[in-house]
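*Asks:* Let the sequences and hints guide you as you build the complete structure.
First to last, the protein sequences are chains A and B. Under the numbering used here, the first residue of the first sequence carries the number -18, and numbering increases by one thereafter. Under the numbering used here, the first residue of the second sequence carries the number 989, and numbering increases by one thereafter.
The set of hints was computed from the structure by calculation and includes no laboratory data. As the structure is a prediction and not an experimental result, all values here were calculated from the model. Even glycine gets a Cβ: it sits at the ideal position worked out from N, Cα and C. Watch out, some of these pointers could steer you wrong.
[Unchecked claim] To give an idea of the interface, some chain B residues facing chain A are shown, with a C-beta separation under 10 Å as derived from the structure:
(1) Gly996
(2) Ile999
(3) Gly1052
(4) Glu1161
[Stated by the list, open to error] Beta-carbon label-pair distances, calculated as ranges:
(5) A/Ala219 / B/Ile1131: 57 to 65 Å
(6) A/Val3 / B/Pro1133: 22 to 30 Å
(7) B/Ile1248 / A/Pro0: 32 to 40 Å
(8) A/Gly177 / B/Ala1185: 24 to 32 Å
(9) B/Arg1183 / A/Thr102: 17 to 25 Å
(10) B/Leu1045 / A/Val3: 25 to 33 Å
(11) A/Arg202 / B/Ile1248: 16 to 24 Å
(12) A/Gly(-2) / B/Leu1045: 20 to 28 Å
(13) A/Thr97 / B/Leu1152: 42 to 50 Å
(14) A/Ser24 / B/Leu1152: 29 to 37 Å
(15) A/Ala99 / B/Ala1185: 22 to 30 Å
(16) B/Glu1163 / A/Asn62: 44 to 52 Å
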Amino acid sequence: MSSIIEIVQLTHIYSPGTPFQVTSLDSISLDIKKGVFFAIIGSTGSGKSTLVRHFNGLLTPTAGKVRVCGIDTADKRQRRNLWRSVGLVFQQPEQQLFEETVFADVAFGPRNMGLTEAEVTERVHEALRLVGLDPLAASRMSPFHLSGGVRRKAAIAGVLALRPQILILDEPTAGLDPQGKRQLMEHVEEFRRREGATIILVTHDMEEVALMAERVAVLNRGRLVMEGSPREIFSRAAELTAIGLDLPAPARLMRQLRLLGKPVRTDVLTVAEAEEEIAVLLGETLC
Amino acid sequence: MLSGISLGQYIPGDSLLHRLDPRTKVIGVLAAAVSILAFANWQGFLLAALLTLTALLVSKLPPGIILGSLKSLWLLLVITFLLQAFLTPGTLLAVLGPLKISREGMFAAVEIVLRLALLILIAFLPTLTTPPIKLTAGLESIISPLRRLGVPAHELAMMMTLALRFIPTLLQEAEVVISAQRSRGAGFTTGSPARWARSLLPLFVPLFAGALRRANDLAVAMESRCYRGGANRTRMNALKFSAADYVVIGVTMAVLAGVIALRFV
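*Replies:* Written out as structure tokens, the structure is:
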């Protein structure tokens, strides 16, 4: 598989040359393959959000190179069109809704693409269905009269309607209830299957990473400290806790059991795997 | 774009000016401003300019930031200069088509631009060298004698503190909203004025909605802490004049007195 995002020695400094200068990213090199579900984790202030803003050209490197879909984001002309192929869902995207109806808000992106009204309608309907909203009701609903969860869905639909090749989600499930979280992740996976899109997920939720991601990058204070499959990453528990991160709950449980002297695997990631291990354990002790 | 430093934003430092009592800075700047507006001859100008330059040097602010305040208001300076130069009648110096420049006009133009430039330079000093919270505490202390006349000094200062407190928050929020809408292809700079105004809706609707929500949250938070303005509140960091404050007030008052005295020489 080919790389869709290539990052070479990326450094980003905010307000350089002023008393407020902050080095947010420090010589990061990273390759993201096409079609992969990629997770970026790291404690608050580790530079995750800054990093993903380089992927659609909102920010450009202070030093180093970022190539997205073969386009160097330092190129001003090309950068301006990057939003057509790279969809970025910001943190709390529901706060960016502005139109009178949900339909009009979701249609904002496709209209900016210069599509015909028929194409716009088709895309809006598909995007709304994808996040589990009723397209017909949406043309009558004002986004300001909806619950937080529904508004979040509407806002995400607004990005899905662009049909991006790369979909970036910055803490999309923060503040949602467990069911809402699961549904949202299912919608994202559904979108990936249908469009063959690359997904980049920034999150604090380790269970989400364990369940969804194929590759994981770990940031700490602007540096890339680990990259690998979830199983590789979560096998380095001590290093993760040292930088303020944690293991998924099932992995934590298995480690506790191992500490109590039970013969269980500790490289378990999901609830299903943990269940299996516990069944084996119970079977042994019961018989 | 919107990040980085905005005009007149507090620049942390440890100069004499940073350490002065905020009331001293307000009074000092008022005295300096009156001096700058009042000078009527070159001796007076020298005094006022000397005071301004000394204050700028003492502040130890980076020159770029000081010049930034002038740069942001350059249009005002240019327009004032042109109006003065062209519209003052007197001995003709040059004619540019229908426009006439007089000797008196040139003098008046240079004079007003010098006055304005000095004013701009000195006026930004208190906000550049004082954290906003301290500055409003100082202002409150200065206007508190007016409370007897029914002026709600504490409430005014509180409103100012809150407004200042939320400027960076709103700027940051604006940046996020702009980025988010640009990620959906919004352009904020192109087209006719009507289209331009319409293109700003995706920015302003979320921004205002956010500001209202924030104001509401803040009101609830203050009320749930039983906040009551004004009466019998004490401060964690009480304002106190030091020897330096008396010296600075003395010097600025002396300059003001000097400039006014020079008018009558």
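*Asks:* Next, verify each hint and record whether it holds.
*Replies:* Comparing the hints with the structure gives:
1. Gly996: Hint on B/Gly996: violated, closest Cβ of chain A at ~14 Å, above 10 Å.
2. Ile999: With a closest approach of 6 Å, the B/Ile999 hint holds.
3. Gly1052: At 8 Å from the nearest chain A Cβ, B/Gly1052 passes the 10 Å test, so the hint holds.
4. Glu1161: holds, 8 Å
5. A/Ala219 / B/Ile1131: 57 to 65 Å: With Cβ atoms ~59 Å apart, the hint holds.
6. A/Val3 / B/Pro1133: 22 to 30 Å: Roughly 43 Å apart at Cβ, these two residues miss the hinted range, so it is violated.
7. B/Ile1248 / A/Pro0: 32 to 40 Å: Holds: the Cβ-Cβ distance is about 38 Å, inside 32 to 40 Å.
8. A/Gly177 / B/Ala1185: 24 to 32 Å: Hint violated: Cβ distance 40 Å, outside 24 to 32 Å.
9. B/Arg1183 / A/Thr102: 17 to 25 Å: holds, 23 Å
10. B/Leu1045 / A/Val3: 25 to 33 Å: holds, 29 Å
11. A/Arg202 / B/Ile1248: 16 to 24 Å: Distance hint for A/Arg202, B/Ile1248 is violated at roughly 58 Å.
12. A/Gly(-2) / B/Leu1045: 20 to 28 Å: Holds - the Cβ-Cβ distance for A/Gly(-2) and B/Leu1045, about 21 Å, lies within 20 to 28 Å.
13. A/Thr97 / B/Leu1152: 42 to 50 Å: holds, 48 Å
14. A/Ser24 / B/Leu1152: 29 to 37 Å: Because 31 Å falls inside the window, the suggested range holds.
15. A/Ala99 / B/Ala1185: 22 to 30 Å: Since the Cβ atoms of A/Ala99 and B/Ala1185 sit about 28 Å apart, the hinted range of 22 to 30 Å holds.
16. B/Glu1163 / A/Asn62: 44 to 52 Å: violated, 21 Å
Hint check: violations occur at hints 1, 6, 8, 11, 16; the rest are consistent with the structure.
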